[in-house]
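So for the sequence shown, UniProt numbering puts the first residue at 1; every next one is plus one.
Note that these hints are calculated values from the structure, not bench results.
Please note that a few of the clues may not be correct.
Each computed EDC-like pair below joins lysine to aspartate or glutamate, with the alpha-carbon atoms no more than 20 Å apart [claimed, not checked]:
hint, residue 1, residue 2
1, K12, E52
2, K12, E24
3, K53, E17
4, K53, E23
5, K53, D43
6, K53, E24
7, K12, D43
8, K41, E17
9, K41, E24
10, K41, E23
11, K41, E52
12, K37, E23
13, K37, E24
14, K12, E23
15, K54, D43
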Amino acid sequence: MSKYHPKYRYIKVLNNEIGILLEELYRYPTKSWLISKIIHKIDLIIKHINIEKKQIQNK
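Let's have the full structure, built from the sequences with the hints guiding it.
Laid out in structure tokens, this is it:
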């Protein structure tokens, strides 16, 4: 498998998103709006994984 395989692409996206979340949690630990932001990010990650799964299955 090359490093450009879809599996690696969505793992990279996940790592980036999780890193951004952790940075925001560290920077704004008491902000209540951060909870809704995290839920939104997790939702985006799940959607992205589902899209990648469909693309892999269609190959």
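Each hint tested on the structure:
1. K12 - E52: Cα-Cα ~12 Å, so holds.
2. K12 - E24: With a Cα-Cα distance of about 19 Å, the restraint between K12 and E24 holds, given a limit of 20 Å.
3. K53 - E17: 18 Å, holds
4. K53 - E23: 28 Å, violated
5. K53 - D43: 15 Å, holds
6. K53 - E24: Violated. K53 to E24 sits at ~28 Å, over the 20 Å cutoff.
7. K12 - D43: With Cα atoms ~17 Å apart, K12 and D43 stay inside 20 Å; holds.
8. K41 - E17: Measuring from Cα to Cα gives roughly 7 Å; hence the hint holds.
9. K41 - E24: 12 Å, holds
10. K41 - E23: Holds: K41 and E23 sit about 13 Å apart, inside 20 Å.
11. K41 - E52: 16 Å, holds
12. K37 - E23: 13 Å, holds
13. K37 - E24: 10 Å, holds
14. K12 - E23: 17 Å, holds
15. K54 - D43: The given pair, whose Cα atoms are some 17 Å apart, holds under the 20 Å limit.
Hint compliance for this structure: hints 4, 6 are broken, all remaining hints hold.
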